[in-house]
Structure formats: C-alpha cells, structure tokens
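Starting from the known structure of chain A, fit chain B onto it as the hints suggest.
Here is what each chain is made of, one letter per residue.
There are 2 protein chains.
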Amino acid sequence: MKKIEKNNVIELEAGAGGEKSNELIGRIRKNFKARGKWKNMKDDGATLDLGNGKNLVFTTDAFIIDPLFFPGGDIGKIAMCGTLNDLAVMGAVPVGLSLSLVIEEGFPQSDLEKIMCSVGKVSTETGVPVVTGDTKVTEKGKIDKIEITTSGVGLAGKIISNGGAKPGDVVIASGDLGEHAVALLSQRFNYLTKIRSDSQPLVKEIQAVAKYLSACKDPTRGGLAEILNEIAEKAKVKIILEEDSLPYKKEIVAISNLLGIDKFAFPSEGRFVATVGEKNAQRVVKILQKFNKEAKVIGRVERGKGVYLKTNLGSLKLVETPRGKLIPRIC
Amino acid sequence: MKKIEKNNVIELEAGAGGEKSNELIGRIRKNFKARGKWKNMKDDGATLDLGNGKNLVFTTDAFIIDPLFFPGGDIGKIAMCGTLNDLAVMGAVPVGLSLSLVIEEGFPQSDLEKIMCSVGKVSTETGVPVVTGDTKVTEKGKIDKIEITTSGVGLAGKIISNGGAKPGDVVIASGDLGEHAVALLSQRFNYLTKIRSDSQPLVKEIQAVAKYLSACKDPTRGGLAEILNEIAEKAKVKIILEEDSLPYKKEIVAISNLLGIDKFAFPSEGRFVATVGEKNAQRVVKILQKFNKEAKVIGRVERGKGVYLKTNLGSLKLVETPRGKLIPRIC
Numbered sequence: 613m614k615k616i617e618k619n620n621v622i623e624l625e626a627g628a629g630g631e632k633s634n635e636l637i638g639r640i641r642k643n644f645k646a647r648g649k650w651k652n653m654k655d656d657g658a659t660l661d662l663g664n665g666k667n668l669v670f671t672t673d674a675f676i677i678d679p680l681f682f683p684g685g686d687i688g689k690i691a692m693c694g695t696l697n698d699l700a701v702m703g704a705v706p707v708g709l710s711l712s713l714v715i716e717e718g719f720p721q722s723d724l725e726k727i728m729c730s731v732g733k734v735s736t737e738t739g740v741p742v743v744t745g746d747t748k749v750t751e752k753g754k755i756d757k758i759e760i761t762t763s764g765v766g767l768a769g770k771i772i773s774n775g776g777a778k779p780g781d782v783v784i785a786s787g788d789l790g791e792h793a794v795a796l797l798s799q800r801f802n803y804l805t806k807i808r809s810d811s812q813p814l815v816k817e818i819q820a821v822a823k824y825l826s827a828c829k830d831p832t833r834g835g836l837a838e839i840l841n842e843i844a845e846k847a848k849v850k851i852i853l854e855e856d857s858l859p860y861k862k863e864i865v866a867i868s869n870l871l872g873i874d875k876f877a878f879p880s881e882g883r884f885v886a887t888v889g890e891k892n893a894q895r896v897v898k899i900l901q902k903f904n905k906e907a908k909v910i911g912r913v914e915r916g917k918g919v920y921l922k923t924n925l926g927s928l929k930l931v932e933t934p935r936g937k938l939i940p941r942i943c
Numbered sequence: 613m614k615k616i617e618k619n620n621v622i623e624l625e626a627g628a629g630g631e632k633s634n635e636l637i638g639r640i641r642k643n644f645k646a647r648g649k650w651k652n653m654k655d656d657g658a659t660l661d662l663g664n665g666k667n668l669v670f671t672t673d674a675f676i677i678d679p680l681f682f683p684g685g686d687i688g689k690i691a692m693c694g695t696l697n698d699l700a701v702m703g704a705v706p707v708g709l710s711l712s713l714v715i716e717e718g719f720p721q722s723d724l725e726k727i728m729c730s731v732g733k734v735s736t737e738t739g740v741p742v743v744t745g746d747t748k749v750t751e752k753g754k755i756d757k758i759e760i761t762t763s764g765v766g767l768a769g770k771i772i773s774n775g776g777a778k779p780g781d782v783v784i785a786s787g788d789l790g791e792h793a794v795a796l797l798s799q800r801f802n803y804l805t806k807i808r809s810d811s812q813p814l815v816k817e818i819q820a821v822a823k824y825l826s827a828c829k830d831p832t833r834g835g836l837a838e839i840l841n842e843i844a845e846k847a848k849v850k851i852i853l854e855e856d857s858l859p860y861k862k863e864i865v866a867i868s869n870l871l872g873i874d875k876f877a878f879p880s881e882g883r884f885v886a887t888v889g890e891k892n893a894q895r896v897v898k899i900l901q902k903f904n905k906e907a908k909v910i911g912r913v914e915r916g917k918g919v920y921l922k923t924n925l926g927s928l929k930l931v932e933t934p935r936g937k938l939i940p941r942i943c
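These protein sequence lines are chains A and B, in that order. Count along the first sequence starting at 1, add 612, and that's the number in my numbering. Count along the second sequence starting at 1, add 612, and that's the number in my numbering.
Possibly wrong hints are sitting among the right ones.
One copy or two, it doesn't matter: identical chains are merged, so the pair holds either way.
No farther apart than 30 Å at their CA atoms in a straight line, the calculated lysine-lysine pairs in the DSS-like style are these [said to hold, decoys possible]:
| hint | residue 1 | residue 2 |
| --- | --- | --- |
| 1 | K666 | K645 |
| 2 | K733 | K891 |
| 3 | K642 | K752 |
| 4 | K816 | K649 |
| 5 | K642 | K733 |
| 6 | K645 | K757 |
| 7 | K752 | K654 |
| 8 | K929 | K651 |
| 9 | K823 | K733 |
| 10 | K908 | K861 |
| 11 | K898 | K848 |
| 12 | K922 | K666 |
| 13 | K752 | K902 |
Hints listed in this document are in silico derivations from the structure and should not be mistaken for laboratory results.
Bound-form chain A, shown alone (with noise of 0.2 Å):
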C-alpha cells in the first residue's frame, strides 16, 4: 500500500466502495492518532460509552448522487435512510440528525423544496428530528448541483458489533436486494424497469429483531459482497451463500448482466443483512417477513475464511469484495 507517490492522483474508482475505497480511507485514517474512548471506529457508526448504561453511536454519510431524482426515492430521501439505517444497524435508535448542504448558484428553488420536502418527511414518518445544519453556495460549476452530508447520533444499550458473527449462525436478508442501484441507474443508461428504489429508514425493523442479531450491516457501497467479506473478516469466519436462496429478483439479475456489473455489488438503500443464532433464526425472518415478505435466510456461517457462493451444481464459488470499476455516485 505504499503507493503514495508525488504524482499519485485519486482515482474515481476510490470513491465507489471496494477494495480501492478501502486502500483510499486507510491512508486517510493513519494521520488520526486520537482515539478516545471511542470503539467500533471502523464500524457503521462509532460508539461511545456514557457510563449510564447508553452508548452513544455517532455517525456520517456523503451524497453526491446522480441523478437527484429516480423512482423510489431522491437524493434528500437516501441522505436520510442512509445515516438513519447506519445508526439502526448498530442496534441504535437514532435520537437526532444533522443536514448539511452544498448548492450550486442557480439551482431550482423547486427541486430544493421537493427534496427538502422528502427529508422532512423521513423525519416525520421516523420521528428522528433534524437538529442542526449548515447550508452553503458555490459559483456555477463548482459542484454538481446538490451534496447533502447527514451525520446521526443515537443512543444504544447493547451494540451490535459486525465482527459479532459465529461458526453456526445462518445469514439473513431483510429483503430482496440491489433494487436501488437498478432503479438509479435505469435513469442514466435509459432502460425501462419498473423497479424503484428500496431506500427506506430500517429502525423499526432492526429494532424489532435487535436482540438476536449477531452482526448487521446494510449493504450499501460495494453491494452484498462488501458487507459479507467485512463481515467474514472481522469475525474470522466463513460465510456460504446458497444460489437458490440468493435475494435477488430476475429482473434484478437480468440488469445486473446486461450492464456488466456482479449484482453481489449492486447497493441497497432500505435492506440489512444480519447473523443470528440458528435457534432463532426462523423466528427473526418471521418477525421480519412482517415488514417485507421477500425477508428469509440466504447463507450460513462457518469456521473458515472468505464469502462462498454455494452452486446448484455443489461447487464453491468466492465472492471477493468489488474490485477494479464499479459504478460511482449511485449511493
């Protein structure tokens, strides 16, 4: 990783999640020497023990999307679920969240109002208020026409650590996957798919079902692959995927080989996958299935290393985490 040289440049790919992304953070992260009493810093959210029984979890997400709007959802809607859903993760219900914005000069005052109204309305439905923000403008052409960065803090008893995953527990999706990545890109590559986004806040769900999950994580940047290799890592497990229960829709599938991109890397917005015990797992997709019918087991954990797709045929096939071009840009 010593590829710091004078010419170096950031590449786009390093923004797409991925190994490439991973390289990016770490030569980031090594000029912060501070630690505190924070833990989990390379979690979803950062923790903080309060002393009175509550963690405070604390987290942050950029959105520079393209485009702004696409059936399901918009760029103010995913901004929200996506800083919600990284505090629900950890086992956290979220107490408050910051919006910060950055709008390039001329930008429609309605489209501003459209995803403001979505913003609100996340916070309405959740009842996590927005509590702070900062607000700036650049000339034309110094952004492309709208960043928003939400950070959240929430509060937690028990954390729910995504190196927490064991030898015996079965994988489980809260739905089926990848639904907001083809409905984003259906409005950049121009094809018809009445797919719409699955962005949506996931604390009631994950909520529901906290006290059993050994790991969680939602599948945003680098799609199931990522999360499921970071998972299997931390843990220092094995993870085997099933092909007959992969949560994948056809169509899901059909866009993920005509575009050329492994579905595995396709990002969620409104999805989790969790590890739980085997004696609880029916119980947790059944509490689940209430929320999302497609929610079932797709896997299960073992001793070992590495993210295993298991064929129809019997054979064993790795599932790396997304490397060389993915798509940026669409979470």
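Just chain B now, kept in the frame of chain A:
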C-alpha cells in the same frame, strides 16, 4: 418571504451569511416538523438533555473554500476548528468529530495528505478524535477539488445559549477579528499581506471562562455584524460597540476599505465574542489575555434593540446583519 416561485433559483449570495442566507435556511427548516427533546436548534449546536446532568451538543459545518491552502491554514484545519468551536461556544467539551469528504477525481494525493495531516494535527492537539467518516469521489468537474463536512458531538453541563445576554453585560472579543478573511482573500485577490488566518481551536480558552459567560459565539460567516445582531435579537437587547475599542488591526481596516467589504462582515475562524456580567469582565479579560493579548472589552449590552457603533464623535451608527453581495467560500 413568499418568494418560492417556480422559476426561482438559489443565488450565490444565499450561501455567504447575512440576510439571504437566513432566508434560505428558513425555507429549508420549515420542512422539518419533528423536534424531539432537542433545544437550541437555532444555535451553533443543538442540545439534548441526557438526564445524567449532561447535555449532548451536536453540530455540523460544510467547507468548500477557495483557495484550499492559505497563510496560516488550509481547508482541513478550518473544517476541524469550525466544528470544534461551534461546540465550544455552546459551553461543551467536544468528545468526537466526524469527517466526510467529497473529492474530485484527479485530486493530487499529496494535497490530500497535507489536508489530512492538518486534520490529524488539530485532533491530536485538542485530544478530540475523528471517530467516523465517509469518502466519496466524483468525476472531474463535478466538485471544485474537495469538500469537507465535519460534524461534532460534545458534552456540556451548563449550556451557554446565545440568547443569554443581559443589559449591564459587557461584550468581550477573544482577540482581533477578521484575519482569516484577509489571509484567505489575499490568495484570491493577489495582494501582499503578513496577516495569517486566525484559525485555531478555542476549546481551552472558552472552557477557562465558560462559567462567567452569558452568551458566546464565534464570528465566522457574516462576521461580528452577524453574530452581534443574532445575540441582540435572541436576547432582546441593544449592543453598543465603542469605536476606540474595535477589535480590528489597521491592516484589516485598510484591506476592508480596499476591497469595499465591511470589516464587520469579515469572518474569523479562531476567535469568539462573548457577553459577561460587568463584575466579572476584568477577570475574564485577564484569563483570555493569557491565550491572546488582544482580548478586550469591545462594547456593552443595554436595554433596547439593535447593534450600534458609538463613534469617537459620540454619534450612533447602526451595524446591520450583512446584506447584499458578500464573498462566498471563505469559511
């Protein structure tokens, strides 16, 4: 404020502080109905009583400045100081920061290193860790080099609300003002100056005097004019500045005249202005002078409303919230 017509667009001035910024922020805010138990939501940071004698303070700030590097600092330093100081002026001890980056494809790795090194340096000096983050990369031309959003959480016993100023208080500046603006603009307008940005964390200074302060703010966007008007409005008081005691160096005044920008609107990134009961004024000034020998009383709080400059000739001149063409992207 019913200006939301269909063809209306966001104007550059709305991002530079002052009246148009306040209008834009008002239009954004009105979409957010949920409040929870948060307080001080129009202050530098929102506050939430944690029920154990402590308040959580939460704030955020976006930085897309031009130039990125300037005498006395860079975007990394002010992104850190801006958020630390927003927590500090609320009376909070900062406990953790988040760092979200949007980087333009092709941005030099070495510049990113320098900026992250500045971020790390402020974190180490103040002992406040960067605990969570996000990094996105856009195609060329979709962002101007780099944008940084920092959010921060802090803990406070007593909150310093900026509505707490009382008639009889004096107004104290922690040092000379406007040096950040003059240093940064020197790069953009190509004039020679020895002035360096005042950007620095204020955590220790404010903690040293916090118990004496009735109101406290850092004069960033919109400068002294903006914050004094905010304090006067919220506390329903009048503020009188004394011409002889104005906290501006001669060179700052000269460059203000040269550029035709009111010095009262010049941002600082490492100063604060506070109101203090008269009996503690000299004690507070003495403590603050250990950090910066230019700390002094600059005015007083009276019954009434508005902010005024009392000239040496004895006349009163209104100091209004900045309006009209302000310079964007300096803080």
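For this structure, which hints from the list above don't hold up?
2, 8, 12, 13
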